[in-house]
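Those protein sequences? They're chains A and B, same order as listed. Our numbering numbers the first residue of the first sequence as 1 and each following residue consecutively. Our numbering numbers the first residue of the second sequence as 1001 and each following residue consecutively.
Hint data in this document are derived by calculation from the structure and do not stem from the laboratory. All C-beta atoms in this analysis are idealised placements derived from N, C-alpha and C, irrespective of residue type, glycine included. The reader is advised that the hints may include incorrect statements.
A few chain A residues that don't get close to chain B, going by computed Cβ distances all over 10 Å [claimed, not checked]:
| # | residue |
| --- | --- |
| 1 | V12 |
| 2 | G28 |
| 3 | G35 |
| 4 | S46 |
| 5 | G55 |
| 6 | R63 |
| 7 | T86 |
| 8 | V95 |
| 9 | A120 |
| 10 | Q130 |
| 11 | R132 |
Pairs of lysine to aspartate or glutamate residues, derived as EDC-like cross-links and limited to a Cα-Cα distance of at most 16 Å, are as follows [claimed, not checked]:
| # | chain 1 | residue 1 | chain 2 | residue 2 |
| --- | --- | --- | --- | --- |
| 12 | B | K1017 | A | E89 |
| 13 | B | K1017 | A | D94 |
| 14 | B | K1017 | A | E24 |
| 15 | B | K1017 | A | D87 |
| 16 | B | K1017 | B | E1007 |
Okay, here's what each chain looks like letter by letter:
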Amino acid sequence: MRLRIHTPLEVVVDQADVRSVRAEDATGSFGILGGHEDFLTTLPVSVVSWTDVRGEPRYCAVRGGVLTVTDGEAVAVATREAVVGTDLERLHRDVLARLEAAREAERSERFESTQLHLAAIREITRHLRQARRRESP
Amino acid sequence: MTRRPNEGDPLVTETRKRGERHRRWREAGDEGVARRLAQVGVLGWMIVAPTLAGVFAGRWLDRRYGTGLTWTGALLVLGLAAGCWSAWRWMHEP
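Excised from the complex, chain A in its bound form (with noise of 0.2 Å):
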């Protein structure tokens, strides 16, 4: 089966080798096979886990989402945020350290556009003042 993860910024999974896939629903938790139903169903804030063909499992965190599975072979996840993690007990901690990192690029974009508002006005201020000196030798 195919399983492809994505928020609306980019593709986190899209993976051609997955056996199992694992979610779960406001109706609990459900595993889906190659040769599935048509499905479409929506996620909780929760853990996408699957296994590809070596039986390796993979998970990911996603915050709610919608899960779609076409012609038994092709899972789709369309989430707001997904990471992506291969030890289920260390995720929260990969969660952590993404939402912390978004948190400081949030802060020093801040930071550098104000920095750029007071570099205009402080421009802007300096030739005020040399045209008044110009105008009134």
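Starting from the known structure of chain A, arrange chain B on it as the hints suggest.
What follows is chain B alone, placed relative to chain A:
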């Protein structure tokens, strides 16, 4: 460690919860079918045994004091209540 601002984010808490479950499963493993059956069997006996004990004690007391069925009935109900209570407690043990 100080509490970080993102610690309470649902994405973090939900992921941690599943990680905890996974760890418990890895450490304790699946519970066997036999163990489950034994659990269910014991539950039955925990209710039946005190009830039967109550009936026998009641019969003995009734025969001794010649009171018909009073003691039997009373002790049967008492035994049943005790059995249900202990079964309930046992069920809710972690």
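Here's how the hints hold up against the structure:
For A/V12, the requirement that its beta carbon stay farther than 10 Å from each beta carbon of chain B is met, with the minimum near 14 Å. Every CB of chain B is more than 10 Å from the CB of A/G28 (nearest about 14 Å), matching its label as outside the interface. Annotated as non-interface, A/G35 keeps its C-beta farther than 10 Å from every C-beta of chain B; the closest such distance is 27 Å. Once the 10 Å rule is applied to beta carbons, A/S46 is inconsistent with being away from chain B; the minimum gap is 6 Å.
Under the 10 Å C-beta cut-off, the non-interface status given to A/G55 relative to chain B holds; the minimum distance is some 16 Å. Separation of A/R63 from chain B is inadequate, the least Cβ-Cβ distance of about 5 Å not exceeding the 10 Å criterion. Every CB of chain B is more than 10 Å from the CB of A/T86 (nearest about 12 Å), matching its label as outside the interface. Against the 10 Å criterion, A/V95 falls within the reach of chain B, whose nearest CB is about 5 Å from its own CB.
Its beta-carbon lying about 31 Å from the closest one in chain B, A/A120 satisfies the requirement of being farther than 10 Å from that chain. At roughly 46 Å from the closest C-beta of chain B, the C-beta of A/Q130 stays outside 10 Å, upholding its exclusion from the interface. Distance check on A/R132: its Cβ is at least 48 Å (rounded) from any Cβ of chain B, clearing the 10 Å threshold; non-interface status holds. Proposed proximity of B/K1017 and A/E89 is supported: the alpha carbons are some 9 Å apart, at most 16 Å.
With a C-alpha separation of about 14 Å, the suggested pair B/K1017 and A/D94 falls inside the 16 Å cut-off, and the hint holds. The hinted pair formed by B/K1017 and A/E24 meets the criterion: a straight-line CA distance of about 14 Å does not exceed 16 Å. Simply put, B/K1017 and A/D87 have alpha-carbon atoms about 14 Å apart, close enough for the 16 Å limit, and the pair holds. Between the alpha carbons of B/K1017 and B/E1007 the distance comes to roughly 13 Å, so the proposed pair stays at or under 16 Å and holds.
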